[in-house]
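A.B. asks: With the hints in hand, could you dock these two chains into one complex?
Residues per chain, in single letters:
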Amino acid sequence: MNVVVMGCGRVGARVASLLDHNGHRVTVIDLHSSSFRRLPDDFGGDTVIGTGIDEDVLRIANIDTADTFIALSENDNRNIMAAQVARAIFQVPYVMIRIYDPVREDTYRRLGYATICPTTTISSLIIDEVMAAHDSASASQES
Amino acid sequence: MYIIVVGGGKVGYYLTKTLLADEHEVLLIEIDPEKVEAYSERLGAIVLQGDGAEASVLAYAGAARADVVVAVTGEDEDNLVICQMAKQKFHVGRTIARVNNPKNEHLFRVLGIDVTVSQTNYIQNLIGQAIPERSFIHLLNLRHADLVIVEATITERSPVAYVAIEDIVLPVECAIAAIARGNELMVPAPDTVIEPGDELIAITHHKQEDELRELLVAE
Numbered sequence: 000m001n002v003v004v005m006g007c008g009r010v011g012a013r014v015a016s017l018l019d020h021n022g023h024r025v026t027v028i029d030l031h032s033s034s035f036r037r038l039p040d041d042f043g044g045d046t047v048i049g050t051g052i053d054e055d056v057l058r059i060a061n062i063d064t065a066d067t068f069i070a071l072s073e074n075d076n077r078n079i080m081a082a083q084v085a086r087a088i089f090q091v092p093y094v095m096i097r098i099y100d101p102v103r104e105d106t107y108r109r110l111g112y113a114t115i116c117p118t119t120t121i122s123s124l125i126i127d128e129v130m131a132a133h134d135s136a137s138a139s140q141e142s
Numbered sequence: 000m001y002i003i004v005v006g007g008g009k010v011g012y013y014l015t016k017t018l019l020a021d022e023h024e025v026l027l028i029e030i031d032p033e034k035v036e037a038y039s040e041r042l043g044a045i046v047l048q049g050d051g052a053e054a055s056v057l058a059y060a061g062a063a064r065a066d067v068v069v070a071v072t073g074e075d076e077d078n079l080v081i082c083q084m085a086k087q088k089f090h091v092g093r094t095i096a097r098v099n100n101p102k103n104e105h106l107f108r109v110l111g112i113d114v115t116v117s118q119t120n121y122i123q124n125l126i127g128q129a130i131p132e133r134s135f136i137h138l139l140n141l142r143h144a145d146l147v148i149v150e151a152t153i154t155e156r157s158p159v160a161y162v163a164i165e166d167i168v169l170p171v172e173c174a175i176a177a178i179a180r181g182n183e184l185m186v187p188a189p190d191t192v193i194e195p196g197d198e199l200i201a202i203t204h205h206k207q208e209d210e211l212r213e214l215l216v217a218e
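In order, the protein sequence lines correspond to chains Z and P.
Residues 0 to 142 (numbering that gives the first Met the number 0) make up the first sequence, in order.
Residues 0 to 218 (numbering that gives the first Met the number 0) make up the second sequence, in order.
Only chain P is shown next, with the shape it has when bound in the complex (with noise of 0.2 Å):
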């Protein structure tokens, strides 16, 4: 495949190099003559000096005969208009877009380009899968047993709210360790009503994660 990848920043300079290494036939854009002196001495000639949304720098660049043009950019009016301009002045058949404002992903569709990348999208669906919910935190993983200790904030509606610890049915091999109220920490005794606003640590194998979970903060 040909590709061009326009914006020679970390993201495109890393992009290219890994396109090489698929054996992809790739050519970078970027508008900063010292950057493309850099990059042509590690990648060679495949580094063009230009702004990547002039007609006249995708035509030398061959975009007419490129199968996807990738604008990564930092900034996504620059992203935007290289993709349209691909495809409306050189029928580029793929357009691949990078968003840096979220908030630009829906609009970037609306407007046909092919596909959008949104690193901070990425990074928060990561986090998002990390902390399933914020109200229930994995802190810690114990290296020896396959243990986890985590925290979870009670609210009005969490299904332990004013039960006492004997009432509650744990999953096997899991333990409420503390109970955070207020400025106080203590050791929960048996007849120890939880209440809302309590943060609970507590230990748990991490095959009953998602039970406790469910138990302790489950809307």
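Bound conformation, chain Z alone (with noise of 0.2 Å):
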């Protein structure tokens, strides 16, 4: 796969060292060089700074040849956007947005995009696990 990564946050450069890691080729945009530092010494994919919602940026970040775009900048509404430049201006086939707020995660996969929505995930997996923690405590006062 030919991947591109916008953000590179811990969420951003673990996506991005992992992909590397299992041998894909993976550009990382960041609007700051310093979050290039949360990438592992032996990174082997490529770096470029700027946002990923200009398309010049996108360009220098191979985009052209990308089969998957990652968006994962700290702010929804950038997000949203550079993945819509990615799919409408570039064609790019898979793309991914994580969208914080659960509405606009909602309304952006039901116009087509593949998203993940960290609000609802987390709290699902913290309800999950403190159901599991409760019963099984209550289970053991009865027993």
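Hints listed in this document are in silico derivations from the structure and should not be mistaken for laboratory results.
Do not take every clue at face value.
Computed from the model, here is a short list of chain Z residues facing chain P with C-beta under 10 Å [stated by the list, open to error]: (1) I52; (2) E54; (3) D75; (4) N76; (5) N78; (6) A81; (7) I88; (8) D105; (9) R109; (10) L110; (11) C116.
We treat Cβ as the ideally placed atom computed from N, Cα and C, and that holds for glycine.
C.D. replies: Structure, rendered in structure tokens:
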């Protein structure tokens, strides 16, 4: 796979380095060069400084040959706009967007984007964990 | 009409004031509580604090019955998403987005925004009208006689390149006053030959300005 990852925060850096270790060609975009320090020393991909909503920056990041674009910046709206540029302008076949706001996530999923919402995903994980702990605690109390 | 304006910068504030003066029903959504407080004092209870890209804020603002949503924040990504949420979630008939980076104007149209407004493009067009070609610059209006002073930069392709002054048929009420060549400024003699790279300073009646431009720098 040729992958462009926008945003080199904790998640972006981890996704980029895991894909790189798995043998994929990865380019990471971030506004700040300091963010690239999160990448491991043996990272074999490319880094590009800039914003993923700028077509010129995406071109430098080899979006023309990418088959996957993953928007992982901290800003929902920037992720959404960059994803639309990747799909509408550069015809990237698979585009994934991280969106913190559940309503916006739902809206863009309906528009055909692959989306992931940390807010709902992590909330359900927490509830599951808490309920499981509670259930086993009350089960041991009963016994 | 009911119009929701999102973004209370200078554009949003004056737009709201103008729309109110035109007797529209207007609501301004702004995220910064301090601005909201200041605007509420000046405009009355038509300012709502919140993030215009949040569906709950748009719902509270009554987006479902809005005729138009105008997104004029300073960030293009916010303006895009505000308009798309207004369309997708609330079926607003007309969305207008301010485009800060002129390169995004085309993209926004592709992505379904009804109208885009780019201040940068607008100002650039105004400048373009004032200076139709960079090679021909309107320097000065002379107040008393409808005369203007213009500067024309001669290129290889200019019709008057390699032509002597006496052989140029100038429009009436035009005169080539000076030629800047290198570091020299000279008053042309009839036999002075114009060279590429010369900058001609000419005086003309404003009615002949276009004709003079054609003659000196037309491609």
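A.B. asks: Could you check if D75 of chain Z really has its C-beta closer than 10 Å to a C-beta on chain P?
C.D. replies: 7 Å, holds
A.B. asks: Mind checking the CB of E54 of chain Z against every CB in chain P and telling me if the closest is under 10 Å?
C.D. replies: Holds. Min distance 7 Å.
A.B. asks: So, A81 of chain Z near chain P? Judge it on the closest CB pair being under 10 Å.
C.D. replies: 8 Å, holds
A.B. asks: Does the interface hint hold: is I52 of chain Z within less than 10 Å of chain P, judged Cβ to Cβ?
C.D. replies: Cβ of I52 of chain Z sits 6 Å from chain P, so the hint holds.
A.B. asks: With a cut-off of 10 Å on the beta carbons, see whether N78 of chain Z makes it to chain P.
C.D. replies: 8 Å, holds
A.B. asks: Can we keep the R109 of chain Z interface hint, with Cβ of chain P closer than 10 Å?
C.D. replies: The hint holds - R109 of chain Z has a Cβ within 10 Å of chain P, the shortest such distance being about 7 Å.
A.B. asks: For the restraint on C116 of chain Z, tell me whether the closest CB of chain P is nearer than 10 Å.
C.D. replies: Since chain P brings no Cβ nearer than about 14 Å to C116 of chain Z, farther than 10 Å, the hint is violated.
A.B. asks: Can we keep the L110 of chain Z interface hint, with Cβ of chain P closer than 10 Å?
C.D. replies: 7 Å, holds
A.B. asks: At a threshold of 10 Å, is the proposed contact between N76 of chain Z and chain P supported by beta-carbon distances?
C.D. replies: Constraint on N76 of chain Z satisfied, holds at 4 Å.
A.B. asks: Can D105 of chain Z be said to touch chain P, with a Cβ gap under 10 Å?
C.D. replies: Holds. Min distance 9 Å.
A.B. asks: So, as I understand it, the hint says I88 of chain Z touches chain P; can you test that by seeing if any CB pair is closer than 10 Å?
C.D. replies: Since chain P brings a Cβ to about 7 Å from I88 of chain Z, closer than 10 Å, the hint holds.
The earlier numbered hint that this structure contradicts is number 11, and it is the only one.
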